[in-house]
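Counted from 1, the sequence shown has number 28 at position 28 by the working numbering; the numbering is strictly sequential.
Bear in mind the hints are in silico, worked out from the structure with no lab data behind them.
Check the hints yourself; a few may be wrong.
As the list claims (entries may be wrong) - Distance windows between CB atoms, simulated: (1) Glu142 / Asp12: 42 to 50 Å; (2) Ala20 / Ala255: 18 to 26 Å; (3) Pro194 / Pro260: 26 to 34 Å; (4) Asp39 / Thr225: 48 to 56 Å; (5) Cys3 / Gln144: 43 to 51 Å; (6) Gln268 / Arg5: 36 to 44 Å; (7) Ser140 / Arg244: 55 to 63 Å; (8) Asp19 / Glu254: 25 to 33 Å; (9) Arg244 / Glu8: 21 to 29 Å; (10) Glu8 / Arg219: 46 to 54 Å.
All C-beta atoms, glycine included, are put in the ideal place defined by N, C-alpha and C.
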Amino acid sequence: MTCERIQEKFSDYLTGDLDAGSRRRVQAHIAGCAACRADLEDLTMVWAKLGVLPEEQPGPGLRHRFYGLLEDYKNALPAAERPAGQAERARPSGSRREWFIFRRPAFAASFASLLLLAGLGAGWFLAGGRADAGRLTLLSREVQNMRQEVALALLDRSSAADRIMGIGYSASVDKPDGRTLEALFEALDRDPSPNVRLAAVDALYLFRNTPGVRESLVRSLGVQTYPLVQIALIDFLVDVREERAAEALKRLIEAGELTPEVKKRAEQGLQQII
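All chains should be built: construct the whole structure from the sequences, respecting the hints.
Shown next as structure tokens:
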């Protein structure tokens, strides 16, 4: 294994996230490679210094305020689409070229769908606005369906950044269907990236009043192992005052497998729910 590949594993090696085989390979390599051994020692020293810094704890209202901002953004999304397009044009030329030459299939599909919908809208306008409210409703529904299809396509990709983007598309849907909600819960419970899981929690907050969502989140709390995701779920369930989460929090605390930060947040959350 090359030095570059070994160095990519240093962070996981220090956090204990490597499997036994990979850990042995790293140890064998640094035993015979002075340069990598020195790099690992330097990284270990940096991590040790970071570990003694005081940890800033966010206030209890931070996530509540964030959820409020997130929902405000969703409500303002149609009016914000033009600025978003302007922001897209402001990106570096490499990003623009990647969009317009359709290197990403999901983007190509969304762009083609938008062209189709724009054509339908132009046809209605040129016809003197004779389309009735039913046709406008159908057009709006097609936009929603297109967003869901793009979201599902992105959530199925191997890149965590693409999957987070897919979650963003799903959050812009007013009334997601069963497939979209199922994909969000799949991302929350099974995605290997904690960042994707956190994005799924925040997206599901927008659908907190959809039947079955809160109940599924309570079940999800029992399968989470990433501390940040556990805290996000606890904050979510406390914010919506989900009484069914009380038993799940009790089981979580009694299991004795939580980090001190998660245990403290679970205990505080339990007191707020009961």
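Verification of the supplied hints:
| no. | hint | verdict |
| --- | --- | --- |
| 1 | Glu142 / Asp12: 42 to 50 Å | holds, 44 Å |
| 2 | Ala20 / Ala255: 18 to 26 Å | holds, 25 Å |
| 3 | Pro194 / Pro260: 26 to 34 Å | violated, 18 Å |
| 4 | Asp39 / Thr225: 48 to 56 Å | violated, 29 Å |
| 5 | Cys3 / Gln144: 43 to 51 Å | holds, 50 Å |
| 6 | Gln268 / Arg5: 36 to 44 Å | holds, 43 Å |
| 7 | Ser140 / Arg244: 55 to 63 Å | violated, 34 Å |
| 8 | Asp19 / Glu254: 25 to 33 Å | holds, 29 Å |
| 9 | Arg244 / Glu8: 21 to 29 Å | violated, 42 Å |
| 10 | Glu8 / Arg219: 46 to 54 Å | violated, 35 Å |
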